[in-house]
Amino acid sequence: MSSIVSGQLPAERDEQGCDVRATTRRGEPRQGIQSVEIAARVLFALETGGAPMSLNDIARACDSQPSKIHRYLVSLGRVGLTAQSPTTNLYDLGPAMRRLGGESLRRTNDVALISEHTPKLRDETGHSINLAVWSDEGPVIVRWDYGTHALPLTARLGAILPILASSAGHVYLAYLPEKMTEKAVGINRESAPSLPGSRKDLQEIRQSVRSLGYAETSGAVIRGISSISVPIFSAGDPMPVVATLVLPHENVKPAERAHNRAKLIEMARLVSADLGEPGESGKRREPGEPGVSGRSAKV
1 MSSIVSGQLP
11 AERDEQGCDV
21 RATTRRGEPR
31 QGIQSVEIAA
41 RVLFALETGG
51 APMSLNDIAR
61 ACDSQPSKIH
71 RYLVSLGRVG
81 LTAQSPTTNL
91 YDLGPAMRRL
101 GGESLRRTND
111 VALISEHTPK
121 LRDETGHSIN
131 LAVWSDEGPV
141 IVRWDYGTHA
151 LPLTARLGAI
161 LPILASSAGH
171 VYLAYLPEKM
181 TEKAVGINRE
191 SAPSLPGSRK
201 DLQEIRQSVR
211 SLGYAETSGA
221 VIRGISSISV
231 PIFSAGDPMP
241 VVATLVLPHE
251 NVKPAERAHN
261 RAKLIEMARL
271 VSADLGEPGE
281 SGKRREPGEP
291 GVSGRSAKV
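Each residue of the sequence shown is one higher than the one before, starting from 1 at the first, in this note's numbering.
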């Protein structure tokens, strides 16, 4: 896994996902090229439109005049960033955008990018946070940031979490197809037959996580330890990376737990946006819903 500069802060982003910290060290706005920003708004309008659009619809989305937007579409079309259908005259993203999107996905290391955000959350909450990716036997821990609160455990990278007992396992139960989790469920049932693992139990776990957007367990893996897990999706990948806050159960009051949970969910939302996932992290995905490229998380 790539080495990460732990102190790097996540970008502050506007509603279109752009970095808004475009100021000099003196606080003065950096000089840019307005026409490039307008062209980007045209592309964002086509993205959020979700389907080919008319000139008037694009202009309305950009809060501009059709005649002005048409000139941008002509230039964007010349370089392949947009395309116009010869039969419907509707505009859409062009072949150059597909190439750029594919190359951007190829270069993205999900775990490394998420790891740029976890130290900040650890410092804000004081609690440990880990990242897990999926394996046939269950969630595998690939990163652990220790907090200031002592925990009765020693984390080991590469450790496999029990799918039926861990909050990370519950997230994967909710967002992966049943065929992918069958083996891990079987292994967990054999090692801990007392755990709830009936079809009804599994369905209740799936419904709860998909409704809330997170999973929470207490004392199921190690007594006295609570954990809160959220899925982090990237564009084109139906398999999430799972981020988990690990808390000492007795020393964390309900209000603090709710506050930390909200911070974890917000981090997942911001990182998912960085990874190209539109909308709210977690809730919008259905189990096994295909992405664009079907790539798996890189470790």
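These are calculated hints, taken from the structure and not from any lab test. Please read these numbers as outputs of a predicted model, since none were measured by experiment. Watch out, some of these pointers could steer you wrong.
[Said to hold, decoys possible] Label-pair distances were calculated between CB atoms; the ranges are:
#1 Leu212 / Ser191: 42 to 48 angstroms
#2 Leu212 / Arg156: 26 to 32 angstroms
#3 Gly32 / Leu195: 42 to 48 angstroms
[Stated by the list, open to error] No farther apart than 25 angstroms at their CA atoms in a straight line, the calculated lysine to any residue pairs in the SDA-like style are these:
#4 Lys253 / Gly224
#5 Lys263 / Met180
#6 Lys263 / Val111
#7 Lys179 / Ala150
#8 Lys253 / Lys200
#9 Lys183 / Gly224
#10 Lys179 / Ile160
#11 Lys179 / Tyr146
#12 Lys179 / Arg189
#13 Lys183 / Ala39
#14 Lys263 / His249
#15 Lys120 / Val142
#16 Lys120 / Ala273
#17 Lys179 / Gly147
#18 Lys68 / Gly32
#19 Lys200 / Gly213
#20 Lys120 / Ala262
#21 Lys120 / Val252
#22 Lys179 / Val140
#23 Lys120 / Tyr146
#24 Lys263 / Lys179
#25 Lys253 / Ala150
#26 Lys183 / Ala150
#27 Lys120 / Arg78
#28 Lys183 / Gly147
#29 Lys68 / Arg78
#30 Lys179 / Asp145
#31 Lys183 / Ala220
#32 Lys68 / Asn109
Even for Gly, the Cβ is constructed at its ideal location relative to N, Cα and C.
Hint check results:
1. Leu212 / Ser191: 42 to 48 angstroms: violated (27 angstroms)
2. Leu212 / Arg156: 26 to 32 angstroms: Roughly 29 angstroms apart at Cβ, these two residues keep to the hinted range, so it holds.
3. Gly32 / Leu195: 42 to 48 angstroms: violated (56 angstroms)
4. Lys253 / Gly224: holds (13 angstroms)
5. Lys263 / Met180: Violated. Lys263 to Met180 sits at ~30 angstroms, over the 25 angstroms cutoff.
6. Lys263 / Val111: holds (19 angstroms)
7. Lys179 / Ala150: Given pair Lys179, Ala150 is violated - Cα atoms ~38 angstroms apart, limit 25 angstroms.
8. Lys253 / Lys200: The hint is violated at about 31 angstroms.
9. Lys183 / Gly224: violated (28 angstroms)
10. Lys179 / Ile160: holds (19 angstroms)
11. Lys179 / Tyr146: violated (34 angstroms)
12. Lys179 / Arg189: holds (16 angstroms)
13. Lys183 / Ala39: violated (49 angstroms)
14. Lys263 / His249: Holds - the C-alpha atoms of His249 and Lys263 are around 18 angstroms apart, at most 25 angstroms.
15. Lys120 / Val142: holds (18 angstroms)
16. Lys120 / Ala273: holds (17 angstroms)
17. Lys179 / Gly147: violated (36 angstroms)
18. Lys68 / Gly32: Holds, at roughly 20 angstroms.
19. Lys200 / Gly213: holds (20 angstroms)
20. Lys120 / Ala262: OK: Lys120 and Ala262 at ~14 angstroms, within 25 angstroms.
21. Lys120 / Val252: Holds, at about 19 angstroms.
22. Lys179 / Val140: holds (18 angstroms)
23. Lys120 / Tyr146: holds (12 angstroms)
24. Lys263 / Lys179: violated (32 angstroms)
25. Lys253 / Ala150: Holds, because 16 angstroms separates the two Cα atoms, which is no more than 25 angstroms.
26. Lys183 / Ala150: The hint is violated at about 33 angstroms.
27. Lys120 / Arg78: Given pair Lys120, Arg78 is violated - Cα atoms ~43 angstroms apart, limit 25 angstroms.
28. Lys183 / Gly147: Distance of about 33 angstroms is beyond 25 angstroms: violated.
29. Lys68 / Arg78: Given pair Lys68, Arg78 holds - Cα atoms ~16 angstroms apart, limit 25 angstroms.
30. Lys179 / Asp145: violated (32 angstroms)
31. Lys183 / Ala220: holds (20 angstroms)
32. Lys68 / Asn109: Distance ~38 angstroms between Lys68 and Asn109 Cα, so the pair is violated.
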